[in-house]
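Student: Add chain B to chain A, keeping to what the hints say.
Number of protein chains: 2
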Amino acid sequence: MSQSTPGSITGAGSASFTPPTRRLMGPGPSDVPARVLAATARPTIGHLDPAFVGMMDELKELLRYAFQTANDVTFPVSGPGSVGMETCFVNLVEPHDTVVVCRNGVFGGRMLENVRRCGATAVVVDDEWGTPVSLDKVEAALREHPEATLVAFVQAETSTGAHTEPGPLVALAHEHGCLTIVDTVTALGGCPVKVDEWGIDAVYSGTQKCLSCPPGLSPVSLGERAVRKVQDRTTPCQSWFMDLGLQLGYWSSGARTYHHTAPVNALYGLHEALLILREEGLRAAWERHRRNHLALAAGLDAMGLSLLVSERDCLPQLNAVVIPEGTDDAAVRTYLLNEAGIEVGAGMGTLAGKVWRVGLMGYSSREDNVLACLEALEAALQEQGRTVTPGRAAEAAQRVYAG
Amino acid sequence: MSQSTPGSITGAGSASFTPPTRRLMGPGPSDVPARVLAATARPTIGHLDPAFVGMMDELKELLRYAFQTANDVTFPVSGPGSVGMETCFVNLVEPHDTVVVCRNGVFGGRMLENVRRCGATAVVVDDEWGTPVSLDKVEAALREHPEATLVAFVQAETSTGAHTEPGPLVALAHEHGCLTIVDTVTALGGCPVKVDEWGIDAVYSGTQKCLSCPPGLSPVSLGERAVRKVQDRTTPCQSWFMDLGLQLGYWSSGARTYHHTAPVNALYGLHEALLILREEGLRAAWERHRRNHLALAAGLDAMGLSLLVSERDCLPQLNAVVIPEGTDDAAVRTYLLNEAGIEVGAGMGTLAGKVWRVGLMGYSSREDNVLACLEALEAALQEQGRTVTPGRAAEAAQRVYAG
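So the sequence lines, in the order shown, correspond to chains A and B.
Under my numbering, the first residue of the first sequence carries the number 240, and numbering increases by one thereafter.
Under my numbering, the first residue of the second sequence carries the number 240, and numbering increases by one thereafter.
In case anyone wonders, no lab produced these hints; they're calculated from the structure.
By construction, the Cβ of each residue, glycine as well, lies at the ideal position given by its N, Cα and C atoms.
Fair warning: there could be bad hints in the mix.
What the hints assert, rightly or not - Partial pick of chain A residues on the chain B-facing surface, computed with a CB cut under 10 Å: (1) Val-275; (2) Gly-285; (3) Ala-505.
What the hints assert, rightly or not - Away from chain A, derived, C-beta distances all over 12 Å, residues of chain B: (4) Glu-300; (5) Pro-407; (6) Ala-410; (7) His-413; (8) Thr-473; (9) Glu-606; (10) Arg-631.
What the hints assert, rightly or not - Reference listing, derived: stretches of chain B covered by chain A, where coverage requires no fewer than 3 residues with Cβ under 8 Å from a Cβ of chain A: (11) 315-322; (12) 447-461; (13) 538-545.
Chain A extracted, bound-state conformation:
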């Protein structure tokens, strides 16, 4: 063992990291409640420990509540939302399949990328960014492509703030003999997600949005038809890690076959976050998200700002604010971060520089966040030379809370 090696690359220059104080009002992560943070810091135990296995069973049951499903196959994938997305695609899509992909924002585009990497044929249905997926266009695509096996779309487009009602699209897909994959990353916990009532076949989500957990896990749920498709594949799944046939050996109630080491502490956190959601109740959570959104929208309106998405289709948890002409996008976001500790998101893709994305997700969906954000935005716009009447936006918001 050479004496010089360990010192030669020193990794020098760092100390324990203390994060600054923030209000997380971007597209996620959202603010994580102290209860959830405390849960993640409990002592790590083994992923095959009987006590841990018991916790996992509870976690799956709590996820079924969040997704409103009785699906047996409901569990958190050990990776961020994009791993949940890819898990659904690599298991449900084979190279000989044709998939209708609805694209009305960045994440529809990512679905398309997944379909292509599965070697399958994609039929793209494009809608304008900021609008929902068009049922008519999807119907036309399905008529034109009777060979299609799957329809994939995003319920809550995080890049635009547009909401697409899943029920009618899922019903349409089924009429044409197609399965469905629905992205509920930003939807789950913030607006109704009713997997069984709508008949969604495969759904994935993330933890760092309206569940207010740290990022890193992706809850998924598969219905019977989707499970059958996985079982009936004629080609092997291209991913070892994401192969549901292997994953379920660990997550199903029977064998607990070792597949990979589960992210124990992150799962403690998700368990606690789902408990909090159940304590509040789904309906109350949806109503809270709606109320805070309406207050924010009233405040923005009073400030002369508008949302990208019409009120009918606007997600309460993700508000894309149109950047007024002549305003410096980055300067405003930097002002909010440095002067008020508020993080909002930048626009993505074709909306870069055109919108700010203000998230009111999970624990971040609070009156004090709405008021702090409106106040800071007024100050930031004043800095930009716009005429603003300080306090007017907050007053408008408070009228919503009072009403």
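Tutor: Just chain B now, with coordinates in the frame of chain A:
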């Protein structure tokens, strides 16, 4: 919105999870120090926050120290070790490639599975479980397959406790014009891993072994030749999430392009764990692992138990103890867990029922763990009707510590 839906699937019956007290002496996760747990519980901030980006840069530098490399491409993949493994394979292997896969345990077999799912041709070099990879056999395989492009092997086989010296194998692969992928999941932090000195092209590890972090992240590092192979691919990477071309847009010091939401709190924990490793120093950590292993081995010997792997090739951090004839494998492990709060691992694959895997990894590699484990094993074997002289094993171990 139907009034009955949210209540119909209730997710009922759970409360906050409090894990039992354990000493984690299996194949990982290992005991996580309080400093690391506390770090994971710090408030979540945005993954694009300038403060977080600064922490990431430090983290990459600390990882370079752990891996003993100056590789620019050194970062934690947002998933367990098996995602790190798959990331290396799906980026460095194309369908037209031939890969020599060394299999002397479960994880070599998993590498093989990865090669197959990449659509490439695998040449398997088998060695007996519990022995290192044979240099001669690999050389013969490379002579027989001049078309081979890559050699893949596991430095520290977690399923057997056998150590394979990477230096000579990497040199051999290079002589034959092959790149190398080396699995250091259980190695990193517990025994020398010298990426640059040995010339390893691509390496991956895990956080829950000798780094004593919660599971869920996989540090990887790629040298120049490996990066060039990724850039020169003629076929697209089959995974969107694991595509290094996309991942590096986020992790490299330049653009910080959004790819996925990084697991913020898990990264806080890894940063802290790597600081602890740097404070102790790699050499001191390796020596500590060696000393505790020798003490455990002496105690086991005094108890009449033997290790599967010869001392020359035995990993200090993973000790596969041969289960004596007539002893009930599961009963002993259950006794250790329930009576002493000690988790040891079961045998895997062909070693199921034949060995217990006693891990002394990272923060779990401590004198008090060694002594507690020996004492509990004595009691468990006595329960099994074996003649044991209580305290004799601990005495033998303490002679090692004293000497």
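Student: Evaluate each hint against the coordinates.
Tutor: Evaluation of the provided hints:
At its closest, the beta carbon of Val-275/A sits 9 Å from a beta carbon of chain B; the interface hint therefore holds under the 10 Å criterion. With a cut of 10 Å, the hint placing Gly-285/A at the interface with chain B holds, because the nearest CB-to-CB distance is about 5 Å. For Ala-505/A, the interface hint holds, the least distance from its beta-carbon to any beta-carbon of chain B being 6 Å, beneath 10 Å. Distance check for Glu-300/B against chain A: the nearest CB is about 5 Å away, which does not clear 12 Å, and the non-interface claim fails.
Against the 12 Å criterion, Pro-407/B stays outside the reach of chain A, whose nearest CB is about 15 Å from its own CB. Ala-410/B, annotated as away from the interface, keeps every beta carbon of chain A farther than 12 Å; the closest lies near 16 Å. Its beta-carbon lying about 20 Å from the closest one in chain A, His-413/B satisfies the requirement of being farther than 12 Å from that chain. Every beta carbon of chain A lies more than 12 Å from that of Thr-473/B, the smallest distance being close to 15 Å; the non-interface claim holds.
Taking the minimum C-beta to C-beta distance to chain A, about 20 Å, the non-interface status of Glu-606/B holds against the 12 Å cut. The beta carbon of Arg-631/B sits about 28 Å from the closest Cβ of chain A, which is more than 12 Å, so the claim that it is off the interface holds. Note: the segment 315-322 of chain B has 6 residues with beta-carbon separation from chain A under 8 Å; the three-residue rule is met and the coverage holds. Requiring three or more residues with a Cβ within less than 8 Å of a Cβ of chain A, the coverage given for the segment 447-461 of chain B holds, as 4 such residues are present.
A count of 0 residues in the segment 538-545 of chain B with a Cβ less than 8 Å from any Cβ of chain A is obtained; the coverage claim is therefore unmet, three being the minimum.
The structure does not agree with the numbered hints 4, 13 stated previously, though it agrees with the rest.
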